[in-house]
Amino acid sequence: MRTTIVRILIAITAFTVVFFGLQRLLTPKFATPPGLEGGMMREYYRSNFDHDIIFLGDCEVYANFSPITLWEEFGITSFIRGTPQQLIWQSYYLLQDTLRFETPRMVVFNVLAMQYNEPQNEAYNRLTLDGMRWGMPKIRAISASMTEEEDWLSHVFPFFRYKDRWRNIGANDFRYFFRSPRVSLQGFMIRADVEPAEWIPFPTPRGNYQFGDKAYYYLERMVTLTAANNIELVLVKAPTLYPNWPAQWERQIVDFAQTHNLLYINFLDYIEEIGLDFNYHTFSAGLDLNVFGAEKLARFFGERVQKYFSLPDRRGEADTAEHWNALAELYHRVVARQVAELERYGRIQCFRIE
Amino acid sequence: MLFTSAHFLLFLLILFALYQCTPQKLRWAALLLGSMVFYAFAGPIFLLYICTTIIVTYICTMGMRRVWEKSAQRSDFTEDKQLRKQYKAEAKAISKRWLVSALVIVLGLLAMVKYTDFVIGNTNVVLGWLGVDRSFGFMRFALPMGISFYTFQTVGYLLDVHRQKAQPLANPLKLALFVSFFPQVVQGPISRFGMLSETLYSGESLQKHNLSRGGMRVLIGFFKKLVIADRLWPALVVLTSYPEDFRGAFYLFSIFMYAVILFMDFTGGIDITIGVAEMFGVKMPENFNRPFYSRSIQEYWTRWHITMYTWFRDYLFYPMTLSKGMLRATKFCRRVLGDGLGKRIPVHLSLLWVWFLTGLWHGATWNFIAWGLANGIVIMLAQELTPLKNRFHARFTTIKHNYLFICAQIFWTFWLMNMIRSFDIYAGVRNTFGMMASVVTDFGLSDFLARGVSELTLYTSDYIAALTGVAVILWISYLGRDGVDFRDKLTQNFHWVARYAVIGIILFMTLVLGAYGHGYDARQFIYNQF
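Taken in sequence, the protein lines are chains R and G. Per my numbering, the first sequence runs over residues 1236 to 1589. Per my numbering, the second sequence runs over residues 38 to 567.
Calculated directly from the structure, the hints in this document are not laboratory data. There's no promise every hint is true.
To be verified - Under 8 Å between C-beta atoms, here's a sample of chain G residues computed to sit facing chain R: (1) W533; (2) A535; (3) L548; (4) A559.
As the list claims (entries may be wrong) - Beta-carbon label-pair distances, calculated as ranges: (5) R:G1270 / G:I443: 41 to 49 Å; (6) R:Y1451 / G:A487: 57 to 65 Å; (7) R:N1356 / G:L441: 17 to 25 Å.
In this text, a Cβ means the ideal position worked out from N, Cα and C, and glycines have one as well.
So that you can see chain G by itself, here it is in the shape it has in the complex (with noise of 0.2 Å):
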């Protein structure tokens, strides 16, 4: 059930008044029912695995508690503090024993459903590198709908109790809700089980505050899906399904539009996820704070998908540079190669690891996995002209605040980010390198300012409806400009009959201009395959 159809709004109309007409106490139930019906949509087998995710989960947890438990009882008999100690290294590792089997198979349906092919596949093409004639053949199962989503959630969740930084739930209906909460089952954000469960289970009644500030993200999201991103994608599949003929200028055209569409399609999709959670008066984190502003690229990923990048540095990156391992590298290198690149040379490999597995999260091709490498190894250069950019900023002080300086770090970042991005859209590594190249080698300004966009199946008037939309976004952008939301602004700075017009205004021109119904082919969130 595609959030931007009849039948999702239909869908929340109904669960509106079922979880207001259930009891508080229970309402978290309507939400768990309206969450399996939702994703029962996307195809009843999928039910199997992420039920599969959710009693495993439990299991684990209730194991991990029991341990956890019983160590706290055996410490309370006794006051010698090694005694104590060693009670919870032995609770540790059981936990940790729980925690592992939990992963293993939690981890390994991911694995199964969206890497299987991707092995066999590489194999194949190994084997007849090695002259073997013998090839495996596909297993081709099909990806149930957020497993990457729900199970990263589920992933930090399970480190959080083993880690007892949260408390496990003892109830496995509420856990279910937790992992499969409707909203966010389809592009997430990776919610935290603290943040999270502070509202899930509140039941929370309907509030016309709650309804109005998350009906107008919702409406929000619905523009920037309908009217800007499924608007000009059509015109991006012609630029990407034929790259030999958009080289050059047309590639720079491409990249830039598809950091358009792709920031539309996905905040789109988060705000509308944000919003309807909001309606039910459960609060979720933020995902996007402005990233087009970055001066960064290591800004960047603290402004876009942020949920993704925290889970990957508080679960994976961290751990992984503090654990015992790395430390023991980290003194290895430091004896060989001195005190600076020893200690940097293991900090580094560990983000290259993390980002290698960011890229693979994200889909299992090479692209996938040369995006999130380079990723990797930028933020890696970076750090490393950390030295040479603070010499620069010392010996020319005020250019830090210097406007034109401060544009020229965004549209930098921006431009940088756009070509990384470029691994998304193009079918194979090396074609995506030779689009690149092709800036440089065949950039071919009069072939694009002749030929311009008349190719691209877009009317003139379908990129004037997209520019219309981008003005608007820009302009609630401008709203929030100070960290504010804008529906704050919004309140208080518009007299309700203009707060009201202006609501109407987007309304109407995400109905009117929206790429929906009778000749548009709906298309599913670009995040949502991930």
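Same shape as in the complex, but just chain R (with noise of 0.2 Å):
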């Protein structure tokens, strides 16, 4: 009896080893692109939980806003909670989540995701759910946000759900098995590539601009939530060429923001005082900007929070100081890797940080 429950445990044990083990080889590093956004999220767990702004929304804030830039011109610490096509739901839970972690002085919605009333596309949920940290926050984000095709066991085991990237292991695979590559600095896609914006997608006609119910709950849960814990809810739209934002969606936000007292800003009407030039300040035609748009606009808006809010400049705490400049120096240096390989090979060859 003694040597079969001996047995038994050292089967279970060995099952339970080969099996995280699986999991793991075969859960995407996202060390290339594409979805090199699909390893930022779990980026947020290995900071050092002391920030005074929290960025959070979908493209439109994790390649637009420099936290360097914020830190060496304004004393400004963030990070940028950021996917793509993250939805406002997301979003909220990860403010749940942050808040587990750290109080910040401020939370920045990007209001883009205010489109979405339903759950999308299961692959974006996945760069988005797949790195939080397991605790209600993410369970229910997970519950809020799974489509049709979606089931809790791949979200709970996503060797379910990657057992078919079999056939597709690489180098990468076993590289980062235990540890994944650094992507993005404080949540930021750092990029330095220049595709111009050479024309813009005519905007799709929709039948109905009214924002959903649902997308309205959740941002009312944010705004009860943030002053709750006492922190700044500020909203902004970012200056990106398209998705289109309507004059429709841009009076509800208006609104919306006048209801509750929160202050807007729609950069899209600060372009040319931001110094934007889509010709140069961007590396998706217009959809994103990049590491030098960002600065512009992590410039732009440092200043605006300084008016309006006046966060302390931390330059002078020497800890967070060091932890910060160890940052900026390694910030500079990929960005004049990325510019050297430009130089180079005409293309950014390593996306990883470090």
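Fit the two chains together into the complex; they arrive one by one in their own frames, and the hints show the way.
Following this line, the structure appears as structure tokens:
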């Protein structure tokens, strides 16, 4: 009997080790594009959880605001918790998740996500949800985001989602088996390349421009949660040329901000003032800003923030400065490396930060 | 609820707990509850059909029981043999009425849901031929899960009770369990009451031995279904959906692929069925015995879908061959055609009729009827050629044991069955014959070699996965080559570490290489549609 129990225990242990080993091997490492963004969410948990500003939103935040510029020029510490097509309820639960670790002074939410009222796409869900640390916010975020093709089992055990990657296993899967590569800096995706915006896609007319109930519900909850934690909530619309931001949407956000006494900045109205030139400051033909555009936007935004909220300049705090100066050094090194690669090869060779 | 779904595994876990917590005497009731829940997942409305079958069967078998009991009581009071014989004959006649009533309703239900539209369709065609400007609308009955299987199992039970080979169940709920026992209701095997009832109602506790052996069998079933059958299935769909593009050599490739898929799908399902039943301590009949090693079509049908074949043999072929009408027909034929052929013709006619019904049982299409008749004709020809074969073996006495000759026989039987099976996969009998003919008229070997499998929607890695799976199954088959269960071989010949490693490898191959989850359409077993 005792022998049998020992054997079964050994078998269960072996199964568990192999299962989780395979799960780790098969789960994407997000070391190269496309899908680089999938690695960004988990990087928050490697940070020092001491941020004045947390940015929430989709692709309009993670490439558009340079946290290093905010630090270098205003002494503001920040982190971007953004992923592609991040839905508003995902942003809300990410805020809940953030509050488990720290209480920032300010939360900046990019309002483009208001356009979605229902779960959209399994692949984008994965980019956001897989990287979240387990806890009630993640469980609620999954519950709110699941499309018909998703199931709980594959969220709990990503093995069941990524098992078919056995045919695409490559060197990176072994290289980053124990530790995933760093692909962002404070949640900011550094891109020094340029793809000019030569034309802007014609906006698709919509039958209904009214934001959905669910979107409003989570925006309201975001207002309540930030207020309860004494956090300033700022709504922004990033200065990207598309997706189109119709006047009807703008009106609704302006009304919401007025009703709730929130600061709302539509950067589209300040493109010239910011100094953005979409022949140079975008790496995706106007969809996202490159690092140089993001620095300009961060500068503009930092001035506004200082003007309205007077966040403290923390460059005088020794520990904080040491930490952030190291980040800044890394940041400039990566930008310089990318510029050098662009000059030498015409494209970025390495998207990893370290 | 698919066997190969997480829901089924969860359902099993709950049922294990419920079963174990129930007192031994009532464990069969836990199995019945589980079976009804399982069946309700297919569609609660289908419970009506299966419950009707159960109720009708119960009433009629109780009727038969009363008749036989009464006859026995009356016989006890008399010593007169003639009178006893008379009582028995009377009882048999009344029992037959009960039997016929039950068969009419039970088979009528099957005919209604499965064959009504087939009859309507053919009637409309005939009316069209006759120039009648009228057609009937289709009824489009939904086919209850496993109706062909549980109906045949019930009919077997009715006949056994009528023939006094089985004692009818006095408890209708126990009968309900026999008819609806959840592992077998999806695709068989078609169990006999005598065998199944030995363990079905025993309420044996869950035992480590049964759980590990049954679990291993279930794992092999999952492996066959998910790693091989479901992974290759999309390629077969392409091959058979565009037959005009995949003729000649591609046709041979298609029927070969179908043989592999059908074998893995069907035996995989049966492995899961038998394995799950074994975990509950219930013994079910085997349905396969390495059929692709058969050296003749007759042998093949004693190794493939054994329970169906023996059902038709025992409940239809033998009674028909030995019926008064057929004996009279034999007499007539012998008088007209002589002793040899005259004796065989009625047997052949019975054979063809049984195979016609076997085809019809598989599906309400002319393709399946053609498939059944093709089997019947080939078996009939084989029987007719037996004297020639015997003379050949008398002349070359050692060839029977010659390895090459045996391989040639296996090869021939395998491809012959593949050809017959092509009626399953192509739309229309004429189309199927056209595909068969394309091997001669339009072989296109260079086209086959040039195009290969690149147009079949699968990646090379899919074929590698499936071939690896086939290699594993061949190894398992090799382990059980002497009629020994591979699990016994594994236990006897392997150190426990190696044994666990083998099981672990098969488990992880299933988990990683299995065609399930995101990006795959969960596919029911092929035989479930029959």
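Hints the structure fails to honour: 2, 4, 5, 7
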